[in-house]
Amino acid sequence: MCLGIPGKIIEISENDPLTATVDVGGVRRPVNIACIVSADRPSASCVGDWVLVHVGFAMSRIDEDEAQKTLALLAELGEMQEEIDAMQHSAELT
Amino acid sequence: MKYVDEFRDPDMARALVERIATLTANLMTNRQLPLQLMEFCGGHTHTIFRYGIEQMLPDEIEMVHGPGCPVCVLPMGRVDDCVDLAERPDVIFTTFGDAMRVPGSRKSLLQAKADGADVRMVYSPLDALELARRNPDRQVIFFALGFETTMPSTALTVLQAKREGVTNFSLFCNHITTVPTIKAILDSPDMMIDGFLAPGHVSMVVGEQPFRFIADVYDKPIVITGFEPLDILQSIHMLLAQMAEGRCAVENQYQRVVQAGGNVAGLDAIHEVFELREFFEWRGLGSIDHSGVRMRDAFADFDAERRFSVPNLKIADPKSCQCGEVLKGVIRPWECKVFGTQCNPETPMGALMVSTEGACAAYYNFGNLDELLHKRERKAAVSS
Ligand code: SF4
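Sequences listed follow chains A and B, in order. Reading the first sequence from the start, the letters are residues -8 to 85 in this note's numbering. Reading the second sequence from the start, the letters are residues 287 to 670 in this note's numbering.
Chain B extracted, bound-state conformation (with noise of 0.2 Å):
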């Protein structure tokens, strides 16, 4: 953990913690419950707690950490689904690293290439492509996978691909999109969270627009984020100055990325390939209305959904996972019954522990481990 003197600009951090805790006193005078902050992103949480930013805030700002971790909320099903596709002997499965040690019900695809299925992590889906053309006889399936950060990039290679007339290759397509996840968890009736930190690299690409429905419909102020730890101190006291403010509004803390209109060639991109699912599973939280897209009819030869039949069984998250309640911050990690015990890095039972960007992982490797088991023993004594 480092301190705010190791900031690279400590005295701005510093004046930054302090502005802070004056608005939560303020904003603390006429209410009781703690103030509830989501960072809906994976890095967002990995860079919080790399940076120890947690406890530099007043005790009663609450970070709830969001299920923007697109490896960590990949339902163990899709995971079989992969292992499926890997194994057939005439495919060469691609992916991303990240998504190697993702359990699934039966192996992981690490465990599956271990055991002879020719699974190999590409850097990019442009690198899949070329092993595509360089592998005629081969089927290439690239395991396409993230928020609307990696769309552009899938889409724009399936584009190419259809220049080229390459009829080797295909997606098997699992993105996910930020905006309708967000309105699951402020519909969730258990939700109490005050202001949303939105993802940097999505609104890259979406722009601001999309979010404006949170503070219009929902009054929840939202701060477009970037990735320094004083880029978090800073758009946290801008969410706390709108509430100090009574104000509700989308404002971009990270205008050297995000522009106001997003990416409009990536956006015409996203558009022209794929199309929103009526719903998509997601680990921890279930079904979701259009929180997934798939490839549309035109580029159905591209689609490894369409061209190979895949199992696409649906595996139930583990009845003593909590991971729903703890991405809604109705509870902290900690207090997850099986959290550090049944469920831990190793023998991952639920989504947030699986990549170092969720946060039940966080709170294992960052947090006092000890300490935390034995503060769910208190609050556990107290509570029954």
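Okay, chain A solo, but in the shape it has when bound (with noise of 0.2 Å):
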């Protein structure tokens, strides 16, 4: 919950420009990014960039190279496998 998790943006919802779809560890979820987005940042221009995810909500940007080490030290760390298990449960829950 705290940690959060590193995931890239692969689209925008077409019906609101706040929601995207995330990969996050090879798994797709609809993710607000409000907290990332700015008059210089335009939501349509944030395709491929890489966020750090916090309960469904990209909260900071990151490079890719900062995302592939906090994917492996999360995967070290064990608290990988339990967020994606928890964001697949969450989606057959709704």
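A couple of the hints might just be wrong.
[Claimed, not checked] Derived DMTMM-like pairs: lysine to aspartate or glutamate, alpha-carbon spacing no greater than 20 Å straight-line:
id	chain 1	residue 1	chain 2	residue 2
1	B	K448	A	D7
2	A	K(-1)	A	E55
3	B	K393	B	E632
4	B	K448	B	E558
5	A	K60	B	D297
6	B	K469	B	D575
7	A	K60	B	D295
8	B	K399	A	E83
9	B	K393	B	D603
10	B	K665	B	D345
11	B	K469	B	E564
12	B	K623	B	E611
The set of hints was computed from the structure by calculation and includes no laboratory data.
With the hints as a guide, bring the two chains together.
Below, the structure is given as structure tokens:
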């Protein structure tokens, strides 16, 4: 919940510019991107960006190298699978 | 436990460990007491234990593991309130998985679920909102907890629910704040902490400014820190360097994620939806002024505390529990009288034994239990 997990923005939702499909460790889920868009970074320009995702919200933009390092660290800490399981489990509920 | 050789950049780690040792030796020439450094965040505690960072540090450095594990500090009475809400027939109670096992005075949410309550683990508050849309005849309550890191997510979810006119969604708000809690620790008379590692992801939201008083008013250095083992070594080095130079400032080791001004959109959402409570109860620390938030009047319809009458009973921590002293660095976790005996991860008595991010659970899981218990006996014998 506190560490977050890196993901890559795949596409912006057609009906809501503040929702994006993000690939997080191979799982795709809708993520709110309100916290990383701004006047000079409109949501359409965010496709392809790497972001740190906390409980379904992109909270910060990170570079790809940093994203890969963080993914490796989370896997090593054993936090990666837990997050991905939680994501999948949650998707089944709704 | 890992060794320096296994770090991603062992040369860098080794160099940092050496420089830390040199700085510590210099600093110790005119002091007797060990240097106490507090990592506030449970994520840092986890990394420190996972990578055996304390063993790499000179003996004169004591890491004090702070209260920054939101699940650990949840008072029992709050868990009871959750169970009470979850057991109502028309309610779907949603929560992050971390909160499921925290013991209440009657039962945990996991036990409530086993007994038939509709408790569902969700990954995101957005998923709870989706459940509300799909179950218009049920009341969906989201158990909002965590520090500033998760506050924007629940605030934005409530704003969305309001925009869409969803009427069967509410938050049971138990968010807690970092800065007033650090202040409470600094104000306690028996506190001897020399410097702080500030939580990286809280800082990502709030920025550097809220921590400034720690340097300006309390004369303690503080470094915003990332989660890699190297981040932690580097930040410890930065703290010691400040002390060696006689400086106190907020420094940011985690610049690749944390901007000085924090996250503006996230802060705006927090301020729109939440306001400070006069005080909030913590497990192990008692009541701390301004250490929690509640929902503003404009969002009363989305506030489970106002929509449902919550029992809100206070359940005192067990008398033998010494979590407060551990959190302030007055005693080490294994010095607590019930550590490893009455208090263990299966039957936690205190907050710090509840989740793997709690200091006592970390010592229990990663330390050598027999050795620690012996150490406690020896220490007790010396002081009696
Ligand atoms: S051993 Fe248990 S009661 Fe004692 S400080 Fe740790 S968590 Fe609290």
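Status of each hint after checking the structure:
no.: 1; hint: B:K448 / A:D7; in the structure: holds (16 Å)
no.: 2; hint: A:K(-1) / A:E55; in the structure: holds (9 Å)
no.: 3; hint: B:K393 / B:E632; in the structure: holds (14 Å)
no.: 4; hint: B:K448 / B:E558; in the structure: holds (12 Å)
no.: 5; hint: A:K60 / B:D297; in the structure: holds (17 Å)
no.: 6; hint: B:K469 / B:D575; in the structure: holds (10 Å)
no.: 7; hint: A:K60 / B:D295; in the structure: holds (12 Å)
no.: 8; hint: B:K399 / A:E83; in the structure: holds (18 Å)
no.: 9; hint: B:K393 / B:D603; in the structure: holds (15 Å)
no.: 10; hint: B:K665 / B:D345; in the structure: holds (17 Å)
no.: 11; hint: B:K469 / B:E564; in the structure: holds (15 Å)
no.: 12; hint: B:K623 / B:E611; in the structure: holds (12 Å)
Hint violations for this structure: none, all hints satisfied.
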